[in-house]
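Based on these hints, arrange chain B on the given structure of chain A.
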Amino acid sequence: MGLALPLAGLVAAQDDPRRKARPQPNDRLVFARGDRQGQPIMLADLPAGGPLLTAYPMDPTAKVVRDDSRLNQILLVRLDPSRLNGDTRERAADGVVAYSAVCTHTGCDTWDWQPESSTIKCPCHFSEFDLKESARVMNGPAPRRLPALPLKVVDGALAVAGGFVGRPGFEAGG
Amino acid sequence: MSAKKLASLGFVILVALGPAMLNAQSTVSYTSVTEQRLLNPEPQNWLMYRGSFNGWGYSPLDQVTPANVKKLVPVWTFSTGVNEGHQSPPIVNNGVMFVTTPQQQVIALNAKTGDLIWRYKKDLPEDLLQLHPTNRGVALLGDRVYMATVDAHVIALDARTGAVVWDTTVEDYKKGYYFTLAPLIAKGKVMVGTSGGELGIRGYIAALDAADGKPAWKTYTIPGPGEPGHDTWPGETWKTGGVSVWLTAHYDPDLNLSFWGTGNAAPWMGDMRPGDNLYSSSVLALDVDTGKIRGYHQYHWNDSWDWDEVSTPLLIDFPKDGRTVKGLVHPGRNGYLWRLERRADGIKFVDARPFVTQEVFTKLDPVTGRPSYNEERKPRAGASVTFCPGLWGGKDWTPASYNPKTKYLYIPANENLCSTLVGQAKPDPYEPGKLYLGIDRPKTTMSWRQGASHIGELQAWDMTTGQRVWTHKFPFQNWGPILTTGGGLVFLGGTNDRNFWAFDAKTGAELWKFKTNSGITGVPSSFAIDGVQYIAVQSGWGVDAQRMQARLDTFRGTKTEVPQGGVIWVFALKD
Chain A
1 MGLALPLAGL VAAQDDPRRK ARPQPNDRLV FARGDRQGQP IMLADLPAGG
51 PLLTAYPMDP TAKVVRDDSR LNQILLVRLD PSRLNGDTRE RAADGVVAYS
101 AVCTHTGCDT WDWQPESSTI KCPCHFSEFD LKESARVMNG PAPRRLPALP
151 LKVVDGALAV AGGFVGRPGF EAGG
Chain B
1 MSAKKLASLG FVILVALGPA MLNAQSTVSY TSVTEQRLLN PEPQNWLMYR
51 GSFNGWGYSP LDQVTPANVK KLVPVWTFST GVNEGHQSPP IVNNGVMFVT
101 TPQQQVIALN AKTGDLIWRY KKDLPEDLLQ LHPTNRGVAL LGDRVYMATV
151 DAHVIALDAR TGAVVWDTTV EDYKKGYYFT LAPLIAKGKV MVGTSGGELG
201 IRGYIAALDA ADGKPAWKTY TIPGPGEPGH DTWPGETWKT GGVSVWLTAH
251 YDPDLNLSFW GTGNAAPWMG DMRPGDNLYS SSVLALDVDT GKIRGYHQYH
301 WNDSWDWDEV STPLLIDFPK DGRTVKGLVH PGRNGYLWRL ERRADGIKFV
351 DARPFVTQEV FTKLDPVTGR PSYNEERKPR AGASVTFCPG LWGGKDWTPA
401 SYNPKTKYLY IPANENLCST LVGQAKPDPY EPGKLYLGID RPKTTMSWRQ
451 GASHIGELQA WDMTTGQRVW THKFPFQNWG PILTTGGGLV FLGGTNDRNF
501 WAFDAKTGAE LWKFKTNSGI TGVPSSFAID GVQYIAVQSG WGVDAQRMQA
551 RLDTFRGTKT EVPQGGVIWV FALKD
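So the sequence lines, in the order shown, correspond to chains A and B. Just so it is clear: in the first sequence, position 120 is 120 by our numbering, and no numbers are missing. Just so it is clear: in the second sequence, position 390 is 390 by our numbering, and no numbers are missing.
One or more hints might be untrue.
To be verified - According to the in silico footprint, chain B covers these stretches of chain A (three or more CB under 8 angstroms from chain B): (1) 60-72; (2) 119-127; (3) 161-172.
As the list claims (entries may be wrong) - Straight line, CA to CA, 35 angstroms or less: simulated DSBU-like cross-link-like pairs of lysine-lysine: (4) A/K132 - B/K434; (5) B/K187 - B/K407; (6) A/K20 - B/K121; (7) B/K559 - B/K70; (8) A/K63 - B/K174; (9) A/K20 - B/K174.
Bear in mind the hints are in silico, worked out from the structure with no lab data behind them. Note that CB positions come from ideal geometry on N, CA and C, so glycine has one too.
Only chain A is shown next, with the shape it has when bound in the complex (with noise of 0.2 angstroms):
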C-alpha cells in the first residue's frame, strides 16, 4: 500500500494534459536541459548575440512544466533589436526571440547557431532560417518558417505574450 499512492501520482503526472498542451499566454520559460533544467530562464541568462538556448514552457500557477511533447520545445536567442523585421521586433522581448525547436521539413531538434548572420541551420538536412526575420527559410527543404512565439518579461523572468504564430512541427504531405 505504502508504494500504491506515489505510484498513482505518477502516473497521473504522466497523464497530465498540461504538460502536453501548448505555450499558453503568462507561461513561464525554464531551461529545458542541462545544470538547470526546470528552472526559469531570466533575460540575463540570455547575452546578445547568443549562444541558443532550448526551453519549456512552464503553467506559472501549477508549476507543471510542458515538456511531455517535443513540439513544445522553443528556441531562444537574444538579438540586436535594430536587426528584427517589423514582426519579429514585436514579438521579441528586449531583443529576445522566440521560435518552435522543431524544423518544419522532418521535425529535427537540434540546432546550429550562425552568429555571424543570426541565423540557424539544421545539421539533419540543412535547412536554414533567419531569425531576424520571422524565421524565414533562406535554404534547405523546409517547407516552411519556424512558428513564433511572442513573448514579454515578468519580474526579470521570460515569459509566453501569446501563442505559436503557426503549428509547430512537419508536415506529411500527400
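Just chain B, lined up with the frame of chain A:
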C-alpha cells in the same frame, strides 16, 4: 491472359470504401504469394526488394535490348503527392503494383494501366523526428503486404483492400528507433532491422510472425554482457553504440542464413569507444528460424568515418583458385570491393580491393581481411581530420546489381570526394531521441580531390576475374540504385539532372536517357504483363542525395535546384 484465367489464379479485387481506400478505380485479380514463389520468382514479376533472395537486382526479361532501348517511352505515371526520398522499388505481383513513399504510404496500382486500386496512409505521430524521411518498400506473402515504418511499427495490410490486418509496435520511436527498410520474409517470418545510429540507439534485427505480428526473435547488433564480442565496447558504450540496419537482408535458403549489413558505431569518433565495436560496419549471418548469429565479417573496426556498411552483400558464386566460391560480394562504403565466402560455419574473407581512391587503409591482412589504418586519416576527438572517400563513402546505400549473363557486378560509385570531420573533445551527453554524433557539426565539410574531373561513376566488375571492365563517369554525384536485365541493359537514375539512364551491360555504352520530374534515388524494377516488358522506377529526390548536394554546393559556392515530389514512372517500348 483472359479474365477467367486471371480469376482462377486468385480472387477479384472489388474495392469497397474504407479507411485505406481512396478513389478506387481498378478491378484486378490478385495472386497469392507463396514461399515457393518467393524462392523462384517468375520472370514477369518483381516480388521483393531486389527481385530475388540473392539480391541481384536482375530481371531475366529480355524484350528491351540495346538494339531497341531508344524506343522506350513512358506509358503511365502516378504522382504520389509526397516530397522527399522516394527510394522503394515498384514491387509487382501478376499485374498488381505496390509502391511505398516517404511518410508511410502504400499505393496499390494496376501495373498495366496505372489505375489506383487502394492507398494506405499511416497516421504518423505529430512529434516524430525523421532523420531519413523515406521508406524502401513492401514485402509480400500470401494475400498480405508488409511494411516497416518510420515510427517503428511493422504493419500487415490486406493486399486486396489495403485494410490493416495487424499493426505491431516494435519500439518506442521517441527513443530514436525507426525503420527505413523493406522487410525480408522467409519461413513465415517478417524480419526488420532498426535505424537510429545517429541518435544513439542499440541496433537490432527482429523477426515477427507473419501470421499475427507477434515477436519471434530479436538479435542485437551490439552484443550484451556475457555475449561474444561484448568486450569490444568499453564501459557502458554498448548501450548507445548505434550499429543500425538500413537495408533488407539477402537470404540463402540452402544455408538457412540471412545476411545483414550493419551501420557504423555511435558516437562517430572511434576514440570515444576504443575497441573493435562488434558488430559495427559488418555483415552478420543470422539463422532465419532462431535469429542466432552464425557468422560475421567486420569490414573495418572502430569506425570513425561514418562508414556504415549499410548495403547487403550480393549472393554471387565466383571462381577463385580453381574452385567455385559461394560468395558474398559487397562494394563497401569504405571504398573497397569485398569478396567473402558464405559457409554453414561462418563467413570467410576471400579478397578485397579499392574501387575508388581510398587513403585510409594502409594494408589488409591477407588471411582475415582486417585493415590497418593511416592514423593521420582517422578522425578523433578534439581534432580536425580530412579523409577520402568522404563520409558517404565510395558507395552508400544504393544497391549494386549482378547480371548472370555478363557475370558483371554493377556498382553505383562516387569517386574523388573527401570529408573533414572535427571531433568534439567529449561527446555531448546522450539524450534519447537526440543526435549523438560526437562531432563539431558546423565544421563538417565536404570537398573533392584537387584536379578531379568528375564524381559519379557506374562501374562494371567481372566476377570471373575480379577485375573492373568498364566505367561510365558522371560529372556530379551518383545516387542511383541499379537494375540489370536479361536484355543486356543496366538502368539507373541517381544524377542531379533528373535523368533515368540505360547503358549497355556488356560495353558500358550510354544508350538512352529520359528526364523525369525529380532526381531519382528509387530502386528500378522490371515486370511483364500480356507479353509486354515494363521498366518502372520512382523519381523523388531527397534524404542523403539532397544532403550531399547541399554539401557540394557549399564547397563550390553554387546553388543547385533539384525539384522534389514523387512520381512513379513506367516505361515500355513504343509500338
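The hints, checked one at a time:
no.	hint	in the structure
1	60-72	holds (count 3)
2	119-127	holds (count 5)
3	161-172	holds (count 3)
4	A/K132 - B/K434	26 angstroms, holds
5	B/K187 - B/K407	30 angstroms, holds
6	A/K20 - B/K121	25 angstroms, holds
7	B/K559 - B/K70	32 angstroms, holds
8	A/K63 - B/K174	25 angstroms, holds
9	A/K20 - B/K174	15 angstroms, holds
Every hint, counting from the list given before, is met by this structure.
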